[in-house]
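> Produce the entire structure from the sequences given, and follow the hints as far as they go.
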Amino acid sequence: MFSYAYAILNSENPKYMLLQLLFLLAVLYLAMVCYKKLVKPLITQEGFHQEGAYVLKRNMDAYDEFYADVYDEIHDTEDRSKGALLQILNATEPTTANSVFLDVGSGTGYVVEQLREAGYRAYGIDKSKAMVEYSEQKRPNCETKCGDVLDPMSFENSTFTHVLCTHFTIYEIENKNQFFQNCYHWLMPNGYLVIHMAERSKFDTTMPIDNKANLWKPLQRLYGIRPVETHVNFSDYQYDATYKFPNSDVAVLTETFTDKARQHVRQNEHTVNMESIDTILEYAKRNGFLVHAKLNMTECGGADKHQYLYVLERAM
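Residue numbers (UniProt numbering): 1 to 316.
Please keep in mind that the hints were generated in silico from the structure rather than gathered at the bench. A quick note: this is a predicted structure, and the numbers were derived from the prediction, not measured. There is no bait here: all hints are sound.
Heads up, simulated DSS-like pairs for lysine-lysine below, C-alpha to C-alpha not over 30 Å straight-line:
id: 1; residue 1: 285; residue 2: 202
id: 2; residue 1: 212; residue 2: 82
id: 3; residue 1: 82; residue 2: 305
id: 4; residue 1: 176; residue 2: 202
id: 5; residue 1: 305; residue 2: 285
id: 6; residue 1: 202; residue 2: 82
id: 7; residue 1: 260; residue 2: 57
id: 8; residue 1: 129; residue 2: 82
id: 9; residue 1: 129; residue 2: 176
id: 10; residue 1: 145; residue 2: 294
id: 11; residue 1: 294; residue 2: 212
id: 12; residue 1: 294; residue 2: 82
id: 13; residue 1: 285; residue 2: 127
id: 14; residue 1: 138; residue 2: 82
id: 15; residue 1: 145; residue 2: 82
id: 16; residue 1: 212; residue 2: 57
id: 17; residue 1: 244; residue 2: 212
id: 18; residue 1: 294; residue 2: 127
id: 19; residue 1: 129; residue 2: 260
id: 20; residue 1: 127; residue 2: 176
id: 21; residue 1: 285; residue 2: 145
id: 22; residue 1: 285; residue 2: 82
id: 23; residue 1: 202; residue 2: 212
id: 24; residue 1: 212; residue 2: 305
id: 25; residue 1: 260; residue 2: 244
id: 26; residue 1: 202; residue 2: 244
id: 27; residue 1: 202; residue 2: 305
id: 28; residue 1: 260; residue 2: 212
id: 29; residue 1: 176; residue 2: 82
Next comes the structure, spelled out in structure tokens:
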């Protein structure tokens, strides 16, 4: 019986597709029952208490104390970062004696903390004062600077062996040519710049927490359905997020937090500069970088095959 079921599930014969689908639906139903009993109580992020009925925060204004407090859960920072860091270290082979890391858009400081705990010298930079203050409070042993990576004076020349620009931070940088210029000068010869990019017409546009909250996600991926919206029920607010693409180089991420008690709404609107991968790589090459490696995010513990880590090497 089990061998027969296994054969059906692994068959590529179209006549078994309905049986395969029914089996997956049954598994997902059982998983949903378990989820309601075990997982859902874990999504207990609190802290959304807003006086005004409606508040709109745009771009950097969205990165305030409230957002710093919920950021790691919504962006699933821990799970996203661990696999990516492991692959970056494997691809670049740093040493604790000589390697110095900079995390661009360091947020709550998790990546800096992980690198320091592994024995590396690591520092962060973030434009958000609230994020830097949160990082300093939660991870006091980590050194994070409140500053702009477009300012060439942020760091001395030849300071770092590695600059990390993950979690789609590259798209929040408008002047990418200046960014690559600065990174070239801040890096030592043959240093590495790691950037996280995606195929804008294909990548999973849901927020990272959706991988835990949406039990239909595996089925969507199996049948090539592109997930486009995020809906998560937290303990005291509803969280929704969606991407829109008004033109070929711009993407707009809108996050909506709805207070369950009073139905007050806060929206974060992030307008990012999402040029094509080839365009961004051309900026990098013009400023002295070569492609050292390309890592699919599925190799880093992710599930979206349309996202990548590009490891760029600073030429001599």
